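Student: The lines below spell out each chain.
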Amino acid sequence: MTKEQAILQAIALTLAQALVLLAVSPAIVGLIRKVKARFQCRQGARVFQPYADLAKLFRKQPVVSTTTSWIFTATPYILFASTLTAGLLVPAFASQMPLNFAGNIIALVYLFALGTFFLILAGLDAGSPFGGMGSSREAIVASLTEPAMIMSIFAIALTAGSTNLSTIVHKTALLEGIVTDPSPHLMALAALFIVALAETGRVPVDNPATHLELTMIHEAMLLEYSGRYLALIEWASAMKLLVFLSLIANVFAPWGIATTLTPMALSIGLAVYLAKVAGLAVLIGTIECMFAKLRLFRVTDLLGVAFILALLGLLFFYILRG
Amino acid sequence: MSWLTPHIGTQLVDLGSALLLLTCFAIVAQRRLSACVDLFALQSLFLAMTAALVAFLTGTPHIYFAAALTVLVKVLVIPRVLKRVIERLNVTRELVMNINVPASLLICGVLVMVAFFITQPIMPFGHLLTRDSLAIALAIVLIGFFTMIARQKAVTQLIAFLVMENGLFLGATAATYGMPLIVELGVFFDVLVAALIAGIYTNRLQDAFDSVDTTRLSELKE
Amino acid sequence: MTVDYMTIAVSLLLLPPLMAGGLSLLITSSRRLHLTNLISIGTLIAAEVAITRTVLAQGSVTAFGEIVYIDALSSVILFIIGTVGLACSLYMRSYMDDQVARGVIAPNRLNLFFFLFHMFILAMVVATVANSLGVQWVAIEATTLATTFLIAFWRRRESLEAGWKYLILCSVGISLALFGVVLMYYSSLRVLGDVSSALNITQLQQVAAQLDPHILKLAFVFLFVGYGTKVGLVPMHSWLPDAYTEAPAPVAAMLAGVLETVAVYAILRSRAIVDQAVSPEFTGGLLALFGLVSFALAAFFILLQHNYKRLFAYSSIEHMGLAMIGFGVGGAIGNFGGLFHLVNHAFAKSLAFFAAGNIHRRFKTVEIDQVHGLVTVLPWSALALMIAGLALAALPPFALFASEMQIITALGTSGLPGEWLQSGPRIPVIILLFCSLVAFAGVLSRITSMVWGVPPKDVPEGEQWSVGHIPIILLGAVLLGFCWVLPTPLRQLLDTASAMLVNR
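Residue numbers (our numbering), protein chains in the order written: chain R, 1 to 322; chain L, 1 to 222; chain F, 1 to 504.
The set of hints was computed from the structure by calculation and includes no laboratory data. Model, not experiment: these values are computed from the prediction. Among the hints, a few may not be true.
Said to hold, decoys possible - Simulated coverage check for chain L against chain R, where a stretch passes if three residues somewhere in it have a Cβ under 8 Å from a Cβ of chain R:
| # | segment |
| --- | --- |
| 1 | 24-33 |
| 2 | 107-120 |
| 3 | 201-213 |
Backbone N, C-alpha and C define an ideal beta-carbon position, used for all residues, glycine too.
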């Protein structure tokens, strides 16, 4: 294979992954809504309804308050771009991402943090009381999830001996040279799952389905947005959810992912990936129906659990294998 | 079964112990009493599964027996008794705690470390199936011990005691492939009777003090 | 031939409480309940005498295929169970009937009391004769379960509280001991292989020197903390004063006199094994340190008490601490003194609680300030209280003086064991003497104020003779007598047992 061919292949693979992320993420949101609806004995909207919603929003004219600065209009683009970039760092259906030179697991965390940061600023920018409230809450949640996320990711990175996601996933998928250590892994998985729920604003932490001022976190920051800006943010949120699901699915159970670039392996990888992500989405939907949203002050308890679990995962590694 | 190599078997036992520890943390963080009971039942189920796995891997049939007893006593009977006790009481959750949840979790994390350091010198000895199980067992015992101090409701304290017992059983199964059968039976009998007695006590405490809050138990002083 | 004889004797040790317990649930008449109880205890003592003779002749006895193992040490404990059990049974005849007559308990609850009492004795006997450390653990946990309702038998708020604390604290403590047992098994499996007899004392004693010292150290710490909770050593003692105050007098006597002793026995048993692999300095240091702290702290708490039952409870902690110092220091004198102290304390403490029970029934208060003039109100109980008090203060004509002197002598000769306790014998002896002075002052000042003075007007005077006075007189006489002459079989037994405890 010549150098040009390799570059072309890499570009093709990156584009393919971006396409998958963009295309699948609204469906995941739709699937969760459907699962919840079914649990509540409702028919529910179609799984593909979010596509229609996005399309509608893109057609509408956005209204921007005159009191806002450039941050307000830039935020949707920054959020969308950072989330998509983060998504490209996480192996989805092929274990070795061409962009893996560009960033590792830590870059992933900070790409998410960048988006969150701008969203918080934008929430404050419009000067509405709800926006400020949502921003301050989001800041609390974000500052609590960050350490837990970093810790759990470190625990995984240590067991795999690399911070590069592609390497971690690839090695685990091939069972090559890695002793899968169940105890640190399990702790990290539990922590990361809680982090994922908190970061993507799912039920025990935030309720994505409500605009009740007393409880909302994520939605409160978006209240001033409309039209294509809102569409971009909604899409970015959906992608963030999908990226987290991919991360959990592929880091802890990478089996079935394409470890070579043959068309056969890639198609199997894609099918398995979709199945895994759909399964996790169903799980999240179920959890959302089983648990009530926590009071804001109780969120610290939950995130405390996540942090301690992640810390333990790390400690298990050091104490046992040190 | 060819796929169940000793290596994978060890990892599965490890996984089982880690699941037990995980439910332990969930119990510490949980405030609703009935959810605590459910978590305890779940933990016991994990315990039984781990024990059955050890029995299969080591070919010691009497551990199957102990696993079956665990399911009967700790997954079915005791949670049901506890549920009934909770139903009769007018409490559903721990409202005031001696030590709040995040602090408790941190302390439990430290306890896990302590357990690992204590058992570190004796890990290399003996025919352990896994390196972690004994340490995790001690960690569960210590966390149970701590929960008894940190929580006020009689029911929670009882659950914490049972969690300790689960830790002990895990230790006995993982480190020694089960105690002699007569001891195992005796321990089960003791645990069952202790749980029943404590259940009766909580009812009587409720009648006498209108509460199962053990901080109310302060009539006896120097 | 001897094997059969021993099997019968051991069965006679275990069956009477079991059968009596079952029968008690069926019998309703109070007279028959007491009769069953006395027959059961009587048979138990007869079996003990037979076993003790064999033990003295052969060294040790095993029965039922090594399930039961009895040597001189277990015989001493059995002796205490039997004698204090008998004393309590006689005392209960007047005490419980009086409670029923006064309507404190419903007559139909009497059989529950006796059932639990028999189960309590059974559990203690099993703990003492069990060959397996695991079975021993099960039996000691069973004593907790049997006694928790005995402590809460009056069903008042306070007694419920005491019972709950007792149940929770002791169960938790005991759980830690189980972890110790697991570790012990873990270490012995490596030497003995995967056999179910690997927890048997007989097996462990043979291979003890080959066991891994790290594991044994850890195991002993858990066992010591666990059973130490049952003994009531500081800082695991907080249940003890409450439980002793709220329990009916005979139960308190059994708890203080016998149950603590059985828990000490469990510690000594595992210590004998651990000491062969680990330096005795380690276990001895642990025992002596906890003993000294318990002794000192309890002595000061005695000074603060205004409730006479609590006073005796703290005195229990004090004396158990003292016995622990004796065992910790070790040597022939230390161990002998410790064991002898256990025996004497059992007698003195049951006497004290019998007297306290009588006083409580008459004065209806446990406050020391409200009890005066016992000499005119309850002359016999006043005498018993004086004897018990003087004995517990370790004054010369009583046996506790002798054993306390032995322990102090041992401490004075060898000092505290363990490298981290090295300070020469002088300082610990001074601490010990000072604290015993404090305890002495505390006990005596309280008791004299109760015995002398003008009785409150509403308390009727005069004490009727009852069966319950027989054990009081006998125990008093024994306490006085043991200081001067120790019966030869008992001396032999104590000698053999303490020789067994001396390692290296």
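Student: Under the constraints set out in the numbered hints, which ones does this structure not fulfil?
Tutor: Going through the list in order, the structure violates hint 3 alone and respects the others.
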